[in-house]
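Produce the complete structure using the sequences and hints provided.
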Amino acid sequence: MEIVLENFTKRFGDLTVIENMNLKIKEGEMLALLGPSGCGKSTTLFAICGIHRVDEGRVLFGGQDVTRVPTQQRNIGVVFQSYALYPHMTVAQNIAFPLTVRHEDKQTIKKKVGEMAELVHIEELLGRRPEQLSGGQQQRVALARALIRKPGALLLDEPLANLDAKLRLEMRSEIRRVQLETGISAVLVTHDQVEAMSMSDRIAIMKDGKILQVASPNEMYQRPENDFIAGFLGNPPIAFLDGIISAGNVKISSGNIEFPCPENIEKHPDGSHISVGIRPEFYQPGNPYKIPGTVSFVEIQGRENLYDIKLKDGNLLRSIQSANVSPLSPGTKVDWGVNPEQLFFFDNSGKRL
Amino acid sequence: MSHNFKNWPIVTGLTLVTIPILFMYVFLFVDTVTDTLPGEMIPNRFTLEHWRFLWENIEGKASVWLAMLNTMIFASSVTLIVLSVSSTASYAISRLNIPFRKEFMAGILMLHAFPSITLIIAIFLILQMVGLYNTLIGVILVKASLQLPLGIWIMKGFYDSVPWEIEMAGIQDGASRFTVWYRLVLPQVRPGFFALGLFSFLEGWSEYILPAVLAPANDVQMLSVYLASLIADDQHFDFNLFKSVGLFYAIPVIIFYLFFQDKLMNIYGGGTKG
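Sequence order for the protein chains is F and V.
Count along the first sequence starting at 1, add 25, and that's the number in this note's numbering.
Count along the second sequence starting at 1, add 2, and that's the number in this note's numbering.
Hints were generated in silico from the structure; no laboratory data involved.
There are no misleading hints in this set.
Per the computed footprint, the stretches of chain F lying under chain V, defined by three or more beta-carbons under 8 angstroms from a beta-carbon of chain V, are: (1) 102–108; (2) 111–118; (3) 121–128.
Looking from chain V toward chain F, a few residues come up when the C-beta cut is under 8 angstroms (computed): (4) Ile168; (5) Gly176; (6) Ser178.
Here are the computed distance ranges between Cβ atoms for each label pair: (7) Ile257/V <-> Thr133/F: 39 to 47 angstroms; (8) Gln98/F <-> Tyr184/V: 13 to 21 angstroms; (9) Leu98/V <-> Thr133/F: 32 to 40 angstroms; (10) Ile257/V <-> Glu156/F: 26 to 34 angstroms; (11) Lys175/F <-> Ile253/V: 54 to 62 angstroms.
Idealized CB from N, CA, C, for every residue including glycine.
Below, the structure is given as structure tokens:
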């Protein structure tokens, strides 16, 4: 089912949290709403499922206006951050609840619960109570409960936030597998860029109640529209240096380097200040334009080593390098460089050039 | 498990302070089946004479079984009213967006702070006017309404601790607000519900002043009033009879405790997790 938000506005009292948002979730895709806490992503989610009233604008499900349709009739499955399993019911009763309240007959319910348990691999847990399950298992139960009545869409509110690191990895692929197997449209709310990038078809990145960019994970990483997006995606994060354009060249004062403008910023007027974004994977020993500095911090991650490089004027660059060579120790002077083609340039409003 | 403290000082201390109380209980029982004189430690003879109220009526009084029945009806009705009203009212106060919620809650607290004895004359007059004086219904209504503020207050506390997400999930699963309350939220506050029920029943069972003032007649008399009337007369009072009736009066409460003690112990142990 296709979901469309049209000029969606949400206020809490006098505070406008989201203003005039437009968003389209395509049939069968997984869209991630990514952004820092408090940016309105959960609010958006709750507007789609109907728990929050929409103050202005419309919500369309498959072309049909459901703005005033009560939650119960919207047929949307939701997985909450805390899973919100019913503690007094067994796993089977939990999964069956959406059907029980619809008074479906016992035989059908039993069959469907079985199918769902099989889909999320919890067949042997049906008789247990939620408190006897691990976080990952609770998550699977919540997923099964959300999916059992074949909802038009699946909404996931920070589904992995309460899991430990290893389970998170496992459930990431599990949720994606279930979503692909059922072919359901899904919205994933998360503040974790890795989750968003690894699980979804498209990412909508949000800040202060506004959607900044909607694009595929790859597209968004390669071509972020502004410095906030560039800074939000990627771990370790991108580093920014101040630059200035003069006579067709980009001058980066802190690195004391100068190189000809790449074509995308050629037309920019002389003397304008820009910000240069350098991703850690593009600040490497072999590159032509050297920015010398001193290693200030080393993080050894096994396969890779991560270096913080302090430049002469105090600015910081990051570099990530394969751990084939033995790691440098802090204090070592390095002379690594950049390649202009691989850099991002942002004007002083933050927009990428 | 090994103890990191010594047991015997605690046990000795507790025994010392418990012995006098234990003694009182023992002699309460002993006196109901003997004619032991006050101050005597050795029971003199066995007799069931003091329990005669069980099979014959005490002079000028109705049957003790009728009093027992009245008390039972009174305590159960009060419990039923308190439970049904406070479990719904406090849900509304805790979760529904109703106007004057805060003011209402403050009002309830005020009511609870009021000693009910100060209202008794007004209540008496009102019951007389509406014709409920000397009826069970009248005294039940009065007792239940005086119990309600506390009940609502307690239940609200329990409802407040139920996570919102359970309700959101229920609504999302297609349940109506009523179903969500009945099938999902109420089970989470069960410990509170049971405790409130039990306390209401015991409160009703031991209530004296309201029935004494509002329903003193023989046919609606309750055990507490019946008991008190045994020693109300200065001329002939029978302490052993009084003790026997008192024991009889306490037995249902003791049975109740035995049945529900694990529920009571568990009041705050239930609740929800994660």
